[in-house]
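Student: Each chain, written out:
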Amino acid sequence: MADPVKFTIDGRPMQAAPGTLLINAAKEAGIAIPSFCYYDGLALQAACRMCLVEVEKTPKLQVACTTPVAEGMVVQTDSPQVRQARKGMLEFLLTNHPLDCPVCDKGGECELQDMVFRYGAGESRYVESKLHVDEKQWSPIVFYDAPRCILCYRCVRICGEGLGVGALGIGNRGAAAEIVPNRGDHLECDECGACIDICPVGALTSGTYRYKTRPWEMEHIGTICTHCSNGCKTTLGVRNGNIIRANNRDRSGVNGEFLCVKGRYAFDFNENPERLTAPLLRAGGEFKPVSWAIALATVAKKLSELKARHGKFGVIGSNRTTNEENYQLQKFARLVMGTSNIDHHRTGDFATLLDTLSGRANALATTADVYTTKAALVIHSDLAQEHPLLAFQLRANSRHHKAHVYAVTPGPVREDNYGTGVRADPGREFEVLATLREKLAAETELIFLFGAAIKGAAIRQLVEFGDSLGIPVKYICLLDYSNSRGASDMGLLPDLLPGYRHVSEIGLDPGMDCDQMLSDPNLEALWVVGSNPLARQSLGATNAFLVVSDLFLTETARRADVVFPAMSAYEKNGTVTNVCGDVQKLSRGPKTMGTKSDLDIVALLAREMRADLGPTKVDDVFQEIRRTVRGYENLPFGVIETGGAAATAPVHGPVRFESRPELIRPTANGLFTSGTLGRFSGMLNGLIESPGALYRDPHVRPVIEFGSGQLEMVQDK
Amino acid sequence: MTFSPELEARFAKMLQSYPPGRTRSAVVPMLLYGQDEVGYVSQELVEEVARRCGVTPLQVDEVIGYYSMLHRARLGKYHVQVCTNIACQALGGEQLYEHASRTLGLGNKDVSPDGLISLEEVECMGACSWAPAIQINYDFHHLVTPERFDRLMESLRDGSYGRKAS
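Chains A and B, in that order, are what the protein sequence lines are.
Quick note on the numbering used here: the first sequence kicks off at 8 and runs consecutively.
Quick note on the numbering used here: the second sequence kicks off at 716 and runs consecutively.
None of these hints come from the bench; they were simulated from the model.
Fair warning: there could be bad hints in the mix.
[As the list claims (entries may be wrong)] No more than 27 Å apart at the CA atoms, straight line, and that leaves these computed lysine-lysine pairs for DSSO-like:
hint : chain 1 : residue 1 : chain 2 : residue 2
1    : A       : Lys-295   : A       : Lys-603
2    : A       : Lys-137   : A       : Lys-113
3    : B       : Lys-824   : A       : Lys-137
4    : A       : Lys-143   : B       : Lys-728
5    : A       : Lys-113   : A       : Lys-309
6    : A       : Lys-308   : A       : Lys-295
[To be verified] Only part of the chain A face toward chain B is listed, based on derived beta-carbon distances under 7 Å:
hint : residue
7    : Gly-173
8    : Ile-177
9    : Gly-178
10   : Asn-179
11   : Arg-246
12   : Gly-248
13   : Asn-249
Where is the CB? At the ideal position from N, CA and C, for every residue including glycine.
Construct all of the structure, not just a fragment, from the sequences and the given hints.
Tutor: Here it is, written out as structure tokens:
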């Protein structure tokens, strides 16, 4: 590293690396230089002129947000001249800014309000009437109030640079300048709402939150998004037990402040009127709401009787329930019911990857690695649609560290725009990889992110290919749903216990998998937790006793004999493991009357059957997981407890299991779908972009198809 | 979208005249020449320029919004621009514009029903020494009095414009 530069800010001698911007150098020393347009991680704009400082021997005030520190520089950040300049800038900003703070959504958390309070300009010398422009609605989510806009370009930059969408721009000029959407009078974009949350004032407001509350009236609860597998931290604004908004403005968690449309707006499923709020018991072909006591007793009686005569019983677990719930659920199946007939909807072949990588350390990439790696290769996934955080991390990595990104996909993807995109029909990925070999081998390190099409033997082939490159390669097996990885880690598999140990270790034979359970005509009882397998196939055992725990009356629940109304992930505590193996904590936000967590349902059912399942409290179960589950044993409790992410380290020895690639069923959930939860989110369904399509991007540059003639690559820009 | 061979050649040369990765610099000249050929900046033109310069249509729109000589609506065959900026204003530019507006029956940026004439009030055209000045398409007309203006309009209507010195 180059020698640090020495300089003085407000009389304090300081040093920083060459190239450090004044605004950041000052911040390091605890000196706040106000700014609107400067935003960490985005391109420099120097539009707002709030960060003007006095630099000795420079005739005019300088903008601290674009001026790098220099040797011997003497800077004043709070001289009378600077204070006057700031006051003047604020007076300019307020010339046309409406003073509607009392009705503005941003009131109370508005940067302009804060600045005026601190530096202002309470009175204006302008007497001209303000230029009024009517508010515009650009989508069900995004509203724009031009007079409030201070033209800091933050929204334009986050959309273009951060999301790679570029749906916002600046129209007109001078006093008439305003933000414009990409489709004339409306937006067609990811609808992620990043523009709204990044807006320092109330110019951009959201359709779900506007005029509903004041920020200080809500309780802010940091939890993990329950939609896709990326595990973004989302801060729920909860008032009177209802979620009013979700954002992540404290930038904690693996995602910083990134959230997609699902994390920010698709929480409305939680309050869908169709939520189940009482247990349902089938009586004479009709569902009848009953008390929890009756529902639990009915199921307990049935299962006890079944157990006594060794009847066939199975469990299909969920991809969205917590690690603790999954762990206790498999204990219930294996210890209480004495069967390993337990499985979940597998969205990727993680166990095979683990087995292939056995004995290696650091072969699995974390979410943070995606931002720091020198190069990455995406295989068979439309990352921006299916794994928005990972795609965001890759884009940021490419922007900030010039990482090389490759995408081998069947159709055009957003990664093509800043990396090397190559088209490959499903099944022909390895032919294309071979053509990329030279370029890949020239990298210093790589992360392979591969979708569900790469499974079974293909995973072994991929790792072989990775090994042959002669550089360190890490892997991410892309899964869908918020806790698919946790379901697999916690042993919701017929032949694997938690931590990928073989079931024979506890004296059980491998059980039936999902398909076998659903088709076995002799199955006597099935418990389906948070999953909807009967949406795609019917139950082979037509007379089987079916118990379902879910939020909604899904196709599966409709066929049930007893339905337990379950809590959503936003309503409970616990931990989930994201697609990269980062373990994070859920915190309870709202509550829906009548529902119970699956952890409680398992515990109550076990108690009703007079069986001992060990701990019942979330924290105690987590401690047991830390004691007994491989990969989870060294998880730093403090990090997770305080809302951080800790990576599991599950790569140990070979995994003994029967590889069943045919059970891997990709979900094809994009940005605007989310399995069952997505169906019950009015917000997601109400967007013009919904349901979205994988492998389509209107702005993508044309690429010649592989397999249809000559192979041509889109080169790095 | 294709243009005349001459314009295509011009565009091809233009795209080569900027350093690599700076093709977006061609947006403004492409729009100007494209507008001359198409008659206005059509949506099709916006998308074509965006495609050729490697930017989004929105980024092209940003440029159009910034420059007043790029028009998203079709103009008259003769676009009459009257300067009311300071030098012209001091010498009767505003009265000239009002006269133009009244006699032509057109407001700012309006087009006559026959599509022959459109009127626009513009800022300084750099002809202050000969104020008040107007511009018809790309031609300047200096020291324009209302009478001279009327004669010019008459020549536009009877087709004699441009054939003799005005």
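Student: Each hint: holds or not?
Tutor: For each hint, the structure was consulted:
About 18 Å separates the Cα atoms of A/Lys-295 and A/Lys-603, which keeps this hinted pair within 27 Å; it holds. Under the criterion of a C-alpha separation no larger than 27 Å, the hint pairing A/Lys-137 with A/Lys-113 is consistent with the structure, at around 20 Å. The hinted pair formed by B/Lys-824 and A/Lys-137 meets the criterion: a straight-line CA distance of about 25 Å does not exceed 27 Å. For the suggested pair A/Lys-143 and B/Lys-728, the alpha carbons sit about 41 Å apart, so the restraint of at most 27 Å is broken.
Between A/Lys-113 and A/Lys-309 the CA atoms are separated by roughly 55 Å; this puts the pair beyond 27 Å, and the hint is violated. Restraint check: the Cα-Cα separation between A/Lys-308 and A/Lys-295 comes to about 18 Å, which is no more than 27 Å; the hinted pair holds. With its C-beta approaching chain B no nearer than about 5 Å, A/Gly-173 sits inside the 7 Å limit, and its interface hint holds. Checking A/Ile-177 against chain B by beta carbon gives a least distance of about 5 Å; that is within 7 Å, so the hint holds.
Interface hint status for A/Gly-178: upheld, as the beta-carbon distance to the closest one in chain B is roughly 4 Å, under 7 Å. Checking A/Asn-179 against chain B: minimum C-beta separation of about 5 Å stays under 7 Å; hint holds. Interface hint at A/Arg-246: violated, since its Cβ lies 37 Å from the closest Cβ of chain B, which is beyond the 7 Å cut-off. At about 41 Å, the closest approach between the beta carbon of A/Gly-248 and any beta carbon in chain B exceeds 7 Å, and the interface hint on this residue is violated.
Taking 7 Å as the C-beta cut-off, the interface hint given for A/Asn-249 is violated, the closest approach to chain B being about 36 Å.
In terms of the numbered hints stated before, the structure departs from hints 4, 5, 11, 12, 13, listed from lowest to highest.
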